[in-house]
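Chemist: Protein chains in written order, with our numbering: chain B, 1 to 346; chain V, 1 to 346.
The reader is advised that the hints may include incorrect statements.
Dumping the calculated SDA-like pairs for lysine to any residue here, alpha-carbon to alpha-carbon at most 20 Å [as the list claims (entries may be wrong)]:
#, chain 1, residue 1, chain 2, residue 2
1, B, Lys120, V, Ile167
2, V, Lys120, B, Leu51
3, B, Lys120, V, Lys120
4, B, Lys254, B, Met335
5, V, Lys254, V, Leu273
6, V, Lys120, B, Ile45
7, B, Lys120, V, Pro88
8, V, Lys120, B, Pro52
9, B, Lys120, V, Leu123
10, B, Lys120, V, Ile45
11, B, Lys120, B, Glu93
12, B, Lys120, V, Pro52
Chain V is faced by these chain B residues, among others (derived, beta-carbon under 7 Å) [claimed, not checked]:
#, residue
13, Asp25
14, Phe37
15, Thr41
16, Asp42
17, Thr43
18, Arg48
19, Asp70
20, Met74
21, Ser84
22, Asn117
23, Pro122
Since the hints were made in silico from the structure, they are not lab data.
By construction, the Cβ of each residue, glycine as well, lies at the ideal position given by its N, Cα and C atoms.
There are 2 protein chains.
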Amino acid sequence: MTEFELIARYFTRPNRSAMLGNGDDCAIVAPTTGNAFAVTTDTLIVGRHFLPTLDPFKLGRRVVNVNFSDLAAMGASPRYAMLSLTLPQIDEEWVSRFSDGLWTALDQYDVELIGGNTTKGPLAIAMTAFGELPPDGALKRSGARAGDELWVSGPLGDAGWALTSLIRDRSGDGGFAIEATAAQIEKYESPTARVALGLSLRGIATSCIDISDGLLSEARHLATASGVSIDIDIEAIPTGIETIDRSDQRTAAKRLNAATSDAERNALIVAQLAQSCVLATGDAYELLFTAPPDQHEAVAAILARENLPGACIGRVTSADAENHVRVLDAQARVMDIQVKGWDHFA
Amino acid sequence: MTEFELIARYFTRPNRSAMLGNGDDCAIVAPTTGNAFAVTTDTLIVGRHFLPTLDPFKLGRRVVNVNFSDLAAMGASPRYAMLSLTLPQIDEEWVSRFSDGLWTALDQYDVELIGGNTTKGPLAIAMTAFGELPPDGALKRSGARAGDELWVSGPLGDAGWALTSLIRDRSGDGGFAIEATAAQIEKYESPTARVALGLSLRGIATSCIDISDGLLSEARHLATASGVSIDIDIEAIPTGIETIDRSDQRTAAKRLNAATSDAERNALIVAQLAQSCVLATGDAYELLFTAPPDQHEAVAAILARENLPGACIGRVTSADAENHVRVLDAQARVMDIQVKGWDHFA
Numbered sequence: 001m002t003e004f005e006l007i008a009r010y011f012t013r014p015n016r017s018a019m020l021g022n023g024d025d026c027a028i029v030a031p032t033t034g035n036a037f038a039v040t041t042d043t044l045i046v047g048r049h050f051l052p053t054l055d056p057f058k059l060g061r062r063v064v065n066v067n068f069s070d071l072a073a074m075g076a077s078p079r080y081a082m083l084s085l086t087l088p089q090i091d092e093e094w095v096s097r098f099s100d101g102l103w104t105a106l107d108q109y110d111v112e113l114i115g116g117n118t119t120k121g122p123l124a125i126a127m128t129a130f131g132e133l134p135p136d137g138a139l140k141r142s143g144a145r146a147g148d149e150l151w152v153s154g155p156l157g158d159a160g161w162a163l164t165s166l167i168r169d170r171s172g173d174g175g176f177a178i179e180a181t182a183a184q185i186e187k188y189e190s191p192t193a194r195v196a197l198g199l200s201l202r203g204i205a206t207s208c209i210d211i212s213d214g215l216l217s218e219a220r221h222l223a224t225a226s227g228v229s230i231d232i233d234i235e236a237i238p239t240g241i242e243t244i245d246r247s248d249q250r251t252a253a254k255r256l257n258a259a260t261s262d263a264e265r266n267a268l269i270v271a272q273l274a275q276s277c278v279l280a281t282g283d284a285y286e287l288l289f290t291a292p293p294d295q296h297e298a299v300a301a302i303l304a305r306e307n308l309p310g311a312c313i314g315r316v317t318s319a320d321a322e323n324h325v326r327v328l329d330a331q332a333r334v335m336d337i338q339v340k341g342w343d344h345f346a
Numbered sequence: 001m002t003e004f005e006l007i008a009r010y011f012t013r014p015n016r017s018a019m020l021g022n023g024d025d026c027a028i029v030a031p032t033t034g035n036a037f038a039v040t041t042d043t044l045i046v047g048r049h050f051l052p053t054l055d056p057f058k059l060g061r062r063v064v065n066v067n068f069s070d071l072a073a074m075g076a077s078p079r080y081a082m083l084s085l086t087l088p089q090i091d092e093e094w095v096s097r098f099s100d101g102l103w104t105a106l107d108q109y110d111v112e113l114i115g116g117n118t119t120k121g122p123l124a125i126a127m128t129a130f131g132e133l134p135p136d137g138a139l140k141r142s143g144a145r146a147g148d149e150l151w152v153s154g155p156l157g158d159a160g161w162a163l164t165s166l167i168r169d170r171s172g173d174g175g176f177a178i179e180a181t182a183a184q185i186e187k188y189e190s191p192t193a194r195v196a197l198g199l200s201l202r203g204i205a206t207s208c209i210d211i212s213d214g215l216l217s218e219a220r221h222l223a224t225a226s227g228v229s230i231d232i233d234i235e236a237i238p239t240g241i242e243t244i245d246r247s248d249q250r251t252a253a254k255r256l257n258a259a260t261s262d263a264e265r266n267a268l269i270v271a272q273l274a275q276s277c278v279l280a281t282g283d284a285y286e287l288l289f290t291a292p293p294d295q296h297e298a299v300a301a302i303l304a305r306e307n308l309p310g311a312c313i314g315r316v317t318s319a320d321a322e323n324h325v326r327v328l329d330a331q332a333r334v335m336d337i338q339v340k341g342w343d344h345f346a
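Next up, chain B with everything else stripped away, as it sits in the complex:
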């Protein structure tokens, strides 16, 4: 099977709304009159963005949802996608399952695949996604204002928790009991872009970002782009992780010192790890956004309608150059948090 046959068999469908689809040097597309394109590109690399054991069907869906999550965060409606597929070899069963997953997700959003390329090399998938929006309806990172409330569209930490458990399973290190539920593993492996939510938040949210790299890191992006600071209430963050330490580093260290058994010590460490997952692991693909307090009921109603267990988790304050993002405990005390968002080269 040649590269061209592969593309023809698994990645080509009749053109629908593109002026020119797959099969030429370029595709030709235009947004509806008055609208603009929101465009984003992301690369998933085996062993870095997904485990080599991930079912290729799920990988296909994942590529689409990870990219469309950026469209959702702009309040854009997905229209077109382009795919760059780098494969170590042509394994037809793998490619067939991958393309099934890809089309399942594309069909769900009624999106056309308008081009791309395949090449040989270490497994990697790059997608460029095109969404459509009225330019003045875009949910930018830069619109948060002091006094706004901070919202998240769903539970955080579950995907990171699942990934941690999967990696520990693979490493064979049974020292700590990190057990993820099937639902958590599903949330990690098969994220869902919050596209409908993003569309509903147009005109309501003042800023928005998707949580791909961890809550604190994304909140910092919003704060920096908007020229504000952000306070997050740790108790308010929704999560599906059962046991989580919501105290700060110093308190946790004291408790650890006072622990009288290995079991107690391990439980404390695991609960601290859970906190890190909630605050700093990526792969959640929930939306983090701000809205004025007078929109509180409207936002809550939208989340309920979309069946999303989101929550108001903090507020926007005037810019504080020393603390772009602060995490507050149940007593509203500023916590000493060391964890950071994901940096590929850290």
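Please build the complex by placing chain V on the supplied structure of chain B, with the hints as guidance.
Modeler: Relative to the frame of chain B, chain V by itself:
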């Protein structure tokens, strides 16, 4: 240096014409009223699309020109680009030179970089390029008609010849004398997208494609998309390679059998290799296009104005299911040619 600092330092410049540029979840762009976007994506992988020894400055320019070559082949005017950069580690000197080359090429075409991402992994660079055109002015692959002339915008084989010499140099195998000139190596390492030519061919060319995978392969794409066949005159193909065997396989085999010395035999093999380079090696990034015979003078004038040593190298014939593309020798006899275009998985 973090991933975000890397992007800020080397890949970010103030926004110009994009509605929203770098730094948010998506960029926001729209074509000029009445126009559409031509979009294309390509991935360059180390050791496959470029040698690990390639100067990163040239690599940066190459990424841009390889992608814009697809825009040129559609008759589109480059506007925006997005970059996905996968690096094994952050080598600041490398990144600095790469970004210098990238910006040099982007500035040459007055194109904005509107987004992208960096990640860790085996060196690979994916670009998505956005050009602009009036939708009915696009140079598609599908418009060739029987009677049209076939043109190429410049010499073929030189880039493939240079690559062959570079690979042989690296392998240390001195059996055959394959010596590329500095100009040939420059043509291989630093291709130039034929953007101005593509724009000039709007309304004149009936079909167009860029030669990234080799003449025969690209001619086959034109023939298939247009439902025609194509005859190529081997003597008419411009090339900078000095000695080239323009006879067919059978004649070449006979001559080889009759050779009386190793030197004579090697010279024959090298001349045959030269033929393969002209007909089937990629990386030329010249345009291959068709135009009606009554546009012959117009096309010649455009090539002269653009200072391109292009030539009319054949003609379009009615569809012949058995022979999408034929190569004819100096006596207009159909040649027996076995070489094929590049297939990443062959």
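Chemist: Which numbered hints are broken by the structure, listed smallest first?
Modeler: none
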